[in-house]
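Chains as they are written, first to last, in numbering that gives the first Met the number 0: chain A, 0 to 151; chain B, 0 to 622; chain C, 0 to 411.
To be clear, the hints were calculated from the coordinates, so they are not data collected in a lab.
It is possible that part of the hints are untrue.
Label pairs and their calculated CB-CB ranges [stated by the list, open to error]:
| # | chain 1 | residue 1 | chain 2 | residue 2 | range |
| --- | --- | --- | --- | --- | --- |
| 1 | C | 106 | A | 89 | 21 to 31 Å |
| 2 | C | 106 | A | 28 | 47 to 57 Å |
| 3 | B | 397 | C | 254 | 34 to 44 Å |
| 4 | A | 120 | B | 522 | 24 to 34 Å |
| 5 | A | 151 | C | 176 | 37 to 47 Å |
| 6 | C | 112 | A | 131 | 14 to 24 Å |
| 7 | A | 131 | C | 9 | 32 to 42 Å |
| 8 | C | 41 | B | 522 | 42 to 52 Å |
| 9 | A | 125 | C | 244 | 41 to 51 Å |
| 10 | B | 422 | C | 278 | 44 to 54 Å |
| 11 | A | 17 | C | 244 | 29 to 39 Å |
All residues carry an ideal CB built from backbone N, CA and C; glycine is no exception.
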Amino acid sequence: MKWWPMIGISKVLTENKKYATKTDVKRMKIFKRSLHIYTIDVGNSNILNFEMRALQTPKYNVHRFGMYFAASPRHADLLIVLGKPTKKMIAPLLEMVNQIPEPFGVMLLKGCESSGIDPDELKIPNVVTSVNGCLDPSEILAILLKISGRID
Amino acid sequence: MIYIYFSFIFFALGVLTTFYRKVSYIMATIGSAFPFLAAVAGMHTSFTSNVFVLFNGFNLSVGVDHTSAIFLLIASISWFTISLYSIDYGMNYSKKMPVFFNAALFGMFLVLIARDALTFISGWEIATVFSYLLIMEHKHSFKEAFEFLAFGEISTVSLLVAFASLYLENHSLAIVGSHGNWIFLLMATIAFMAKMGIYPLHTWLIGAHSRAPSNVSAFLSAPLTLMGVYGLVRVLSIAGQPEWWGVLAMIFGGFSAFWGALQAAAAKGLKILPAYSTVENNGMILATLGLSVVAYSANLAVLSSFAMITTLILLFAHNTTKSLLFMAVGQAKEALGEDTIDNVRGVWTAVGKIPAISILISGLSFSAFPPLIGFLGEWMTLEALFQSYKFPSILDRLSAVFAGILIALAMGLAAFSMVKLTGYTALGYDHGKKARTIPSFTMRLSEIILSLIVVLTGFFSPYMLKYFGYGTFLSGLFGVPKPFLIVSSHPVFGVVSPTFLTIVIGTLFLFPLAFYLQKLRKVKRVSAWNGGIALKEKEYFTAPAYSFTLEYIMRKVYSMKEIKVGNKRYVSVKDVTTLFYSGLKRATEIVAKFLSLTLMNGHIYSYVLYTMIMFILLFFLIK
Amino acid sequence: MKKLLGAYRQNGEEHLILQENGKVFVQEGNASEFENSVLLESRNEYVKDVLSKEEISGNDIFDFRYGPVTSGIGEAGIFHLYTYGERILSVKIDTSYKRRGLDERMINSDINDALKLSEEICGNFAISHSTAFSRAVENALKIKVTRDVELLRSIALELERIYNHLYVISRLAQAASQQVLASHLMGLFEDSLVTNKIFSDSRYLMNFNAIGDVLKIPSRKELKDVSDRVKKIENIFSKLYENSMSSGNYIDRLHLTATLDAKEAELIGLTGPSLRACGVKEDLRAYDEMYPEIEITSDEEGDSLSRMEVRAGEIFESLKFVRKTIDDLNLADETTSPNSIGSGEGIGWCESPSGTIVYHVEIENSKIKDVYVSTPSVFGMSAIAHSIVGNIFTDFPFVVESFGVNFSDAAR
Numbered sequence: 000m001k002w003w004p005m006i007g008i009s010k011v012l013t014e015n016k017k018y019a020t021k022t023d024v025k026r027m028k029i030f031k032r033s034l035h036i037y038t039i040d041v042g043n044s045n046i047l048n049f050e051m052r053a054l055q056t057p058k059y060n061v062h063r064f065g066m067y068f069a070a071s072p073r074h075a076d077l078l079i080v081l082g083k084p085t086k087k088m089i090a091p092l093l094e095m096v097n098q099i100p101e102p103f104g105v106m107l108l109k110g111c112e113s114s115g116i117d118p119d120e121l122k123i124p125n126v127v128t129s130v131n132g133c134l135d136p137s138e139i140l141a142i143l144l145k146i147s148g149r150i151d
Numbered sequence: 000m001i002y003i004y005f006s007f008i009f010f011a012l013g014v015l016t017t018f019y020r021k022v023s024y025i026m027a028t029i030g031s032a033f034p035f036l037a038a039v040a041g042m043h044t045s046f047t048s049n050v051f052v053l054f055n056g057f058n059l060s061v062g063v064d065h066t067s068a069i070f071l072l073i074a075s076i077s078w079f080t081i082s083l084y085s086i087d088y089g090m091n092y093s094k095k096m097p098v099f100f101n102a103a104l105f106g107m108f109l110v111l112i113a114r115d116a117l118t119f120i121s122g123w124e125i126a127t128v129f130s131y132l133l134i135m136e137h138k139h140s141f142k143e144a145f146e147f148l149a150f151g152e153i154s155t156v157s158l159l160v161a162f163a164s165l166y167l168e169n170h171s172l173a174i175v176g177s178h179g180n181w182i183f184l185l186m187a188t189i190a191f192m193a194k195m196g197i198y199p200l201h202t203w204l205i206g207a208h209s210r211a212p213s214n215v216s217a218f219l220s221a222p223l224t225l226m227g228v229y230g231l232v233r234v235l236s237i238a239g240q241p242e243w244w245g246v247l248a249m250i251f252g253g254f255s256a257f258w259g260a261l262q263a264a265a266a267k268g269l270k271i272l273p274a275y276s277t278v279e280n281n282g283m284i285l286a287t288l289g290l291s292v293v294a295y296s297a298n299l300a301v302l303s304s305f306a307m308i309t310t311l312i313l314l315f316a317h318n319t320t321k322s323l324l325f326m327a328v329g330q331a332k333e334a335l336g337e338d339t340i341d342n343v344r345g346v347w348t349a350v351g352k353i354p355a356i357s358i359l360i361s362g363l364s365f366s367a368f369p370p371l372i373g374f375l376g377e378w379m380t381l382e383a384l385f386q387s388y389k390f391p392s393i394l395d396r397l398s399a400v401f402a403g404i405l406i407a408l409a410m411g412l413a414a415f416s417m418v419k420l421t422g423y424t425a426l427g428y429d430h431g432k433k434a435r436t437i438p439s440f441t442m443r444l445s446e447i448i449l450s451l452i453v454v455l456t457g458f459f460s461p462y463m464l465k466y467f468g469y470g471t472f473l474s475g476l477f478g479v480p481k482p483f484l485i486v487s488s489h490p491v492f493g494v495v496s497p498t499f500l501t502i503v504i505g506t507l508f509l510f511p512l513a514f515y516l517q518k519l520r521k522v523k524r525v526s527a528w529n530g531g532i533a534l535k536e537k538e539y540f541t542a543p544a545y546s547f548t549l550e551y552i553m554r555k556v557y558s559m560k561e562i563k564v565g566n567k568r569y570v571s572v573k574d575v576t577t578l579f580y581s582g583l584k585r586a587t588e589i590v591a592k593f594l595s596l597t598l599m600n601g602h603i604y605s606y607v608l609y610t611m612i613m614f615i616l617l618f619f620l621i622k
Numbered sequence: 000m001k002k003l004l005g006a007y008r009q010n011g012e013e014h015l016i017l018q019e020n021g022k023v024f025v026q027e028g029n030a031s032e033f034e035n036s037v038l039l040e041s042r043n044e045y046v047k048d049v050l051s052k053e054e055i056s057g058n059d060i061f062d063f064r065y066g067p068v069t070s071g072i073g074e075a076g077i078f079h080l081y082t083y084g085e086r087i088l089s090v091k092i093d094t095s096y097k098r099r100g101l102d103e104r105m106i107n108s109d110i111n112d113a114l115k116l117s118e119e120i121c122g123n124f125a126i127s128h129s130t131a132f133s134r135a136v137e138n139a140l141k142i143k144v145t146r147d148v149e150l151l152r153s154i155a156l157e158l159e160r161i162y163n164h165l166y167v168i169s170r171l172a173q174a175a176s177q178q179v180l181a182s183h184l185m186g187l188f189e190d191s192l193v194t195n196k197i198f199s200d201s202r203y204l205m206n207f208n209a210i211g212d213v214l215k216i217p218s219r220k221e222l223k224d225v226s227d228r229v230k231k232i233e234n235i236f237s238k239l240y241e242n243s244m245s246s247g248n249y250i251d252r253l254h255l256t257a258t259l260d261a262k263e264a265e266l267i268g269l270t271g272p273s274l275r276a277c278g279v280k281e282d283l284r285a286y287d288e289m290y291p292e293i294e295i296t297s298d299e300e301g302d303s304l305s306r307m308e309v310r311a312g313e314i315f316e317s318l319k320f321v322r323k324t325i326d327d328l329n330l331a332d333e334t335t336s337p338n339s340i341g342s343g344e345g346i347g348w349c350e351s352p353s354g355t356i357v358y359h360v361e362i363e364n365s366k367i368k369d370v371y372v373s374t375p376s377v378f379g380m381s382a383i384a385h386s387i388v389g390n391i392f393t394d395f396p397f398v399v400e401s402f403g404v405n406f407s408d409a410a411r
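When you get a sec, could you build the whole thing from the sequences and use the hints?
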């Protein structure tokens, strides 16, 4: 008998205490145990793209919180909009929001760039949070945990 | 007997009323209902007409016995539905066409009810010539029609030789009873194989089927190739059932099935794909017939009889399903005016739901989707081939295994090609192209009839087996009541029950369906996900691209070439058998040119005169 | 051989930005004499293969559009793959979806604001862009930069190179389904980002550079920490790399995929590790006095594997450089605050992880009057479009990832 399950459970119980955020979010508790995420780059400077990749590294191990990165918006519960859209990306972004099955949430990560249109002005439905600035993966993870209702 | 005469009368009326196309086709429809009744009447008690003596030893007579009744039953279903389909479809073609149509039906009917070689050959030739004229109805189809006629005549000539040898040996031209020699069997087999489109005599079939009007394609593909099978069954009963014939039939049949399926997978033309599928199916039919013969010669009566019923079920499945496929595809082709798979996308929205469902059902049947009739046919084929371990001779076993491997590959490839056809035409996105509205009531009616037949005969297949006289393969086991279980041998080797599969699949399907219907209103409907922006016309994944991987892997077999002419790029795939025939054609041309320059450089009229004089002289001399 | 990297107009004359034998210079001339001049005109809209003039057509040819939103590319851009199924015949890359017009926004803005904008062009090349920009401004305003600042910039540049190369190699491993290797490399990638944060207070080395100066001078303790972490990355990476090179089916996916020869590469205007993988030993760092002991990594074959090997070699080289430079670093206590007021014109360049970045600026009273940015991804994408021809769909990720290009870099 190995004690891995106990270690795993204890990690889940303790580690989500490590992440905390003050960002205001609308909670989507039905995704507490399984949150499928799709990210869309709408014209950021690549930093947010890289941060989303960094979030998928073993260091953060988001799978233990039931978070997965989907390969198609049709499989997604949460859409993360990375950056502020360029003019040409507005149509694909809205089409993407149209494609996600309900119920879904949209998370706007606006990044720290000055260029682009403010996504808040696009009147995207079901926005659960809208965050300014370049965040660390741990901060992004904290927001995701808060959305899925795992932390307060 | 009276049904036969009625049928003749209605076909004759059809020819006479040719200027009123609708009436003429209605006559053909009624006329082809009577063979069905004749078949039902003759299924268990055979009957024959009076013998009409031409001159000594040369008699004409017609009649129906058990064998011809089965074939007549199968063929008349196609005749009826194709004639019904033609009532509306024929309005797109000339006023001559009903004459040819009625006459060709008459010819085929004559083949199936002939009791002697002369009637048989007359029917054969009538069917061939009028089919040729039918193909010619389509513009620019002279080359294909001529190729059809050339192979048709090869078939007739071999048949003449066969019957001549039969006459020399027996001084009788009756095609019932048991006599005949190997020359007869060989020549007759070549004749019928050409008609069935067995490799390497299949090249005519592709051009003719794809060029002809669609009702004619259905007609050529289903009932006309059935004549070949009927002929084979008939001559085998005359000439005994020699083992060598069975072995050759398995090898040729297996290879033909494989080749047809392989070429179908790479086909780009809307009607070329079903045409190659015909080659594949006829290959399977020949192989099972061969298996039956080998089993018979090895005294395996049960296996022989199982292989025979397999042949009949395959034949039934192919006949109904292929008629259906050609009809539905033909309607789409006529409505959209396009002839490649790619350009006939979106039949569901552009043309209609009935043709789309018909394409889907026939595609599923050809891909052996349970519980459709095509599934039963392919299950029985494999089941029969699995039992080849019972053969005493190692050669028989090896050839059965060889055929089995090729047929199994063919079945897989057939599913691949049917996905291509149905996926792009019936289910694909449409081009936004507006289809021409054509009167299509009878087209849809006959498609519905055939779709129902394809679906329901799967369900009621045990009764069909019983009706054809093979009730011994029905049993009850594993809680399935008798006679709903089809067994492949005694003692039991393998079992299947299409009836219960239907019930199980249907029941399993009901729950998701109920769930779906309940949630129907809440379902969010969006267009397919295409990376965020709508697809442009040029961005659709094409049908040739779907099969390119296969073509690349098998590039040696397909002689696949990626061709680059200036800016134009395309992939060329060839049926290499056509290369042989085009080589032959060129050689003939060269030889003919040489001869005409050296030997026969006189005036054409002198040759005609010479021929006539010789003919008259011979006539008097022989007399 | 001279490579055309950019062209700008000044007083009605056309000036070309050229690179030859590891040196960047400006020359008057006519851009249309170079094969790749088409790219300079079209790069805001699309990038295509400059060496092939023919437009491919045919009934069966269709446009397999990959983008603008796919999980495969991960950036807003479109690859139009023209094909008759499986084999790729021609490629057109649409960069317009990510065009933010940053270089246009730089005009008439303050120098320090423009520096921020230059970092925004491509976040993962932030330090390269800002270094090239500030060098251009320093040239224009004749600002003398201290050796300490140059050294710190070099360390930052090498740190950027390390994480970008690690990222590229891990993406290649992921494309070949080498999940264990890819996860380990992604772990190293995250480690190197943390190292960046210690060094510059930003995971992507942003807000580090200033005109003639750096905004943060790391403390001795931080430098020690960076050195230790770099050492750890070196240990782990060398083991991983060694093991990965013995995996036959990984190497096989990369080997002979999208081969490019030196002549073609130079005609396209390719620079950086992708060019060095074609056998051209050309590196801007070779003439930089901050790099006294640099060894240029290069390879012969010019395929995806060579590009990967060159990048791996550069990771080792950069790790070594960072450690050695930090050990030898003897920072002066005071830095001079440079005076960035005036007018002038100048160019500045920098060896980014994917090739040469060049800025040409004209400054009038501390405001940018005109700016021209030459980014390596434009030429990298053209090289993709050229070398992918004849390959099949499944090779697509290997080709694209191995060049290490970014849409944000190309579209600006």
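Which numbered hints are broken by the structure, listed smallest first?
-> none
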